[in-house]
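Colleague: Okay, here's what each chain looks like letter by letter:
2 protein chains.
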Amino acid sequence: MAEKAILKALAGERVDPPPVWLMRQAGRYLPEYRATREKAGSFLDLCYNPELAAEVTLQPIRRYAFDAAILFADILLVPQALGADLRFVEGEGPRLSTVTSAAEVARLRPVGEIDATLAPVYETVRILRQELPPETTLIGFAGAPWTVATYMVGGRGTPDQAPAREMIYRDPAGFDALIDRITEATTAYLLAQIEAGAEVVKLFDSWAGALPGPWFERYAIAPVRRIVESLRAAAPGVPVIGFPRGAGGNYARFLDETGVEGLALDTSVDPYWGARLQARTCVQGNLDPLLMVIGGEALTREAKRIVDGFRGGPHIFNLGHGITPQADPDHVHRLLEAIRG
Amino acid sequence: MAEKAILKALAGERVDPPPVWLMRQAGRYLPEYRATREKAGSFLDLCYNPELAAEVTLQPIRRYAFDAAILFADILLVPQALGADLRFVEGEGPRLSTVTSAAEVARLRPVGEIDATLAPVYETVRILRQELPPETTLIGFAGAPWTVATYMVGGRGTPDQAPAREMIYRDPAGFDALIDRITEATTAYLLAQIEAGAEVVKLFDSWAGALPGPWFERYAIAPVRRIVESLRAAAPGVPVIGFPRGAGGNYARFLDETGVEGLALDTSVDPYWGARLQARTCVQGNLDPLLMVIGGEALTREAKRIVDGFRGGPHIFNLGHGITPQADPDHVHRLLEAIRG
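Those protein sequences? They're chains F and D, same order as listed.
Under the numbering used here, the first residue of the first sequence is numbered 1, with each subsequent residue one higher.
Under the numbering used here, the first residue of the second sequence is numbered 1, with each subsequent residue one higher.
Just so you know, these hints were derived from the structure itself, not from any lab.
Wrong hints could be hidden among the right ones.
Pairs count within a copy or across copies, as identical chains cannot be separated in the list.
As the list claims (entries may be wrong) - In silico lysine to any residue, SDA-like type, Cα no more than 20 Å apart, as pairs:
| id | residue 1 | residue 2 |
| --- | --- | --- |
| 1 | K8 | A235 |
| 2 | K8 | S42 |
| 3 | K304 | D171 |
| 4 | K39 | R87 |
| 5 | K4 | A275 |
| 6 | K8 | D45 |
| 7 | K8 | A275 |
| 8 | K304 | R218 |
| 9 | K304 | E166 |
| 10 | K304 | W273 |
| 11 | K304 | W215 |
| 12 | K39 | G27 |
| 13 | K39 | D115 |
| 14 | K304 | P172 |
| 15 | K39 | L58 |
| 16 | K8 | R87 |
| 17 | K304 | A275 |
| 18 | K304 | R276 |
| 19 | K39 | R156 |
| 20 | K8 | E135 |
Starting from the given sequences, assemble the full structure and let the hints guide the process.
Modeller: If you want it as structure tokens, here you go:
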């Protein structure tokens with residue numbers, strides 16, 4: 001099992017050249033993704049269609065032979081499974097019914113009922129585990145509770161996540177109840193992904209950097225620690241990658257206190273200090289996604305700089321954030337050449 | 001001179017209760033500001049009218065007796081003095097002519113000519129120095145070169161500062177030339193403010209967090225270090241406060257390598273690690289500006305938490321970012337009561 005490069009790196013081994021995958025590698029920059037997406041109907045139709053979700057997950061593996069495939073799904077499927085109305089407005093983003101009090105949290109569906117909604121996702125995982133090449137690692141994922149909560153409180157993406165921050169200040173008990181519910185649902189969701197065949201799971205906390213400092217421990221660290229502890233007890237040996245995007249000076253503390261096996265670094269992290277974390281973990285990242293649009297010599301130079309910067313310890317090459325629809329598919333080949341030589 | 005609380009703190013002294021001022025304290029949340037602004041005409045008319053700019057600077061001092069007044073001006077006056085066309089579109093923000101190549105940098109006005117545009121700002125400083133109460137410290141300021149460059153390259157505020165990042169990758173020599181020109185102009189501008197009576201100067205690097213890690217040293221640290229060294233030689237004893245907003249894990253390095261006397265912390269910095277920097281500097285910050293909208297017990301509690309978190313060393317109380325137009329002027333009184341008891 002530990003012959004897969006990604007699993008070796010997550011076990012603390014330095015792998016040369018580093019294994020590589022890209023956040024949002026199954027996405028709109030690929031013509032084959034756009035074709036399948038059109039066939040599926042809405043974005044949510046695609047998420048809940050196991051055959052087609054598996055197909056878009058496999059497309060970038062066929063094209064680029066990445067070292068990992070990441071399940072195609074969305075972090076807002078968990079709120080939907082808990083009872084939120086959810087739809088995606090083309091070109092704008094998600095809209096969902098809001099949860100802004102403990103009373104509304106109490107009216108969410110119990111965690112025991114989420115599988116009624118999420119079963120197709122587990123089926124996608126099962127298909128993928130059968131279809132993937134033996135050297136490719138299958139990564140499952142979920143949103144981290146804080147980031148999921150920002151959407152549930154705000155009902156959409158919001159500048160600076162102000163609605164969720166306001167709820168922290170005005171109604172901390174209500175916000176705690178919401179975080180607890182999401183944490184429990186996320187644990188169950190990830191365990192089911194693991195049972196279906198996910199070999200690694202990743203927690204995306206895209207808005208960790210928007211948490212006011214004094215609340216980082218309570219909402220970005222503690223819920224992730226609870227999830228990691230539950231997974232470790234129920235599914236030992238499955239590594240967890242944490243991605244507290246924008247955590248800055250809190251990255252080291254996040255690592256030490258959550259116990260994650262891998263730490264994804266955003267683009268702002270300078271290898272100058274990010275590499276110090278490699279003594280305690282496998283880091284993942286952190287090329288500027290803009291370079292996948294620009295390409296050329298700049299892409300080669302900056303990719304090699306990341307490889308060199310993290311050469312001293314376990315490293316999985318990735319971007320610092322998701323690849324964008326504007327990226328050129330040919331630039332991915334150039335990137336792989338820069339990394340793999 | 002060092003009897004002013006702000007200067008004591010910047011000299012490394014622990015002051016109890018901590019002195020306080022708020023970023024953007026002269027601003028739209030105050031009815032008297034809005035009245036003066038209307039009288040002045042455009043936002044830029046106000047910036048270049050010494051009597052009225054001094055008046056809006058003094059308004060929050062009269063109302064709240066803050067420990068510092070900060071010159072009323074805008075970080076984009078420097079690009080304008082260098083020859084950029086600049087205007088502010090109501091409700092949208094600044095628009096300015098772009099600079100995207102070394103050839104265009106070469107066509108900017110020489111640094112020796114900026115005072116033709118900026119002289120009214122120095123006059124504002126002179127008026128303020130005469131009018132301010134003896135216990136109030138006068139802070140001058142400028143944008144840090146990276147943040148100013150993001151506007152000059154993009155021609156406006158831009159998501160993630162992508163145009164400037166793109167220029168770094170595509171034309172590093174051209175971008176270096178732009179940073180050099182801004183650095184020289186900023187040094188001259190701050191020196192003139194000091195000659196006119198500024199007792200402290202602050203460099204605002206609002207977009208420091210958008211710099212990809214490997215470029216942080218070159219564009220967020222090196223230009224600030226050059227400015228600090230020039231000011232130290234020409235105007236010894238005038239403290240510089242750096243504000244590399246979003247610097248995260250780079251804050252400590254910024255402090256050590258720039259030599260600033262004060263370090264402003266954004267809201268994401270947890271006193272858990274931010275307080276460690278107080279052994280080497282006076283920190284400033286870092287209450288969530290949203291609390292100035294919310295008010296109430298939450299404001300009191302969170303303000304006291306910041307005071308307690310930084311009680312062990314030199315600290316100037318401030319927000320983690322500017323006060324917003326939605327803030328309630330009465331909440332500032334509540335804040336001061338929480339801090340001063």
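Colleague: Checking an output row: K304 and R218, CA cutoff 20 Å. Within, between, both or neither?
Modeller: between (37 Å within a copy, 18 Å between copies)
Colleague: Please sort K304 with W215 into within, between, both or neither, judging by C-alpha distance up to 20 Å.
Modeller: between (36 Å within a copy, 14 Å between copies)
Colleague: If the cut is 20 Å between Cα atoms, do K8 and D45 qualify within a copy, between copies, both or neither?
Modeller: neither (35 Å within a copy, 63 Å between copies)
Colleague: Measure nothing new, just compare the shortest in-copy and cross-copy C-alpha distances for K304 and P172 to 20 Å and report within, between, both or neither.
Modeller: For K304 and P172, only the inter-copy Cα distance (17 Å) is at most 20 Å; the intra-copy one is 45 Å.
Colleague: Is it within a copy, between copies, both, or neither that the alpha carbon of K39 lies no farther than 20 Å from that of G27?
Modeller: Answer is within; shortest intra-copy Cα gap is 14 Å, inter-copy 52 Å.
Colleague: Between the shortest in-copy and the shortest cross-copy C-alpha distance, which are at most 20 Å for K304 and E166: within, between, both, or neither?
Modeller: between (42 Å within a copy, 18 Å between copies)
Colleague: With identical chains treated as interchangeable, where does the CA-CA distance between K304 and A275 reach 20 Å or less: within a copy, between copies, both, or neither?
Modeller: within (15 Å within a copy, 36 Å between copies)
Colleague: For the identical chains here, do K39 and R156 meet the 20 Å Cα criterion within one copy, between copies, both, or neither?
Modeller: So K39 and R156 fail the 20 Å test inside a copy (26 Å) and across (39 Å) alike.
Colleague: Give the relationship of K39 and L58 under a CA distance limit of 20 Å: within one copy only, between copies only, both, or neither.
Modeller: Classified as within; 16 Å inside a copy, 63 Å across copies.
Colleague: From the Cα coordinates, with 20 Å as the cut-off, is the pair K304 and R276 best called within, between, both, or neither?
Modeller: within (19 Å within a copy, 34 Å between copies)
Colleague: Given a CA cutoff of 20 Å, do K8 and A235 count as a within-copy pair, a between-copy pair, both, or neither?
Modeller: Intra 18 Å, inter 56 Å, cutoff 20 Å: intra-copy only.
Colleague: Using 20 Å as the alpha-carbon threshold, which applies to K8 and R87: within, between, both, or neither?
Modeller: neither (39 Å within a copy, 56 Å between copies)
Hints 2, 5, 6, 13, 16 and 19, counting from the list given before, are not met by this structure.
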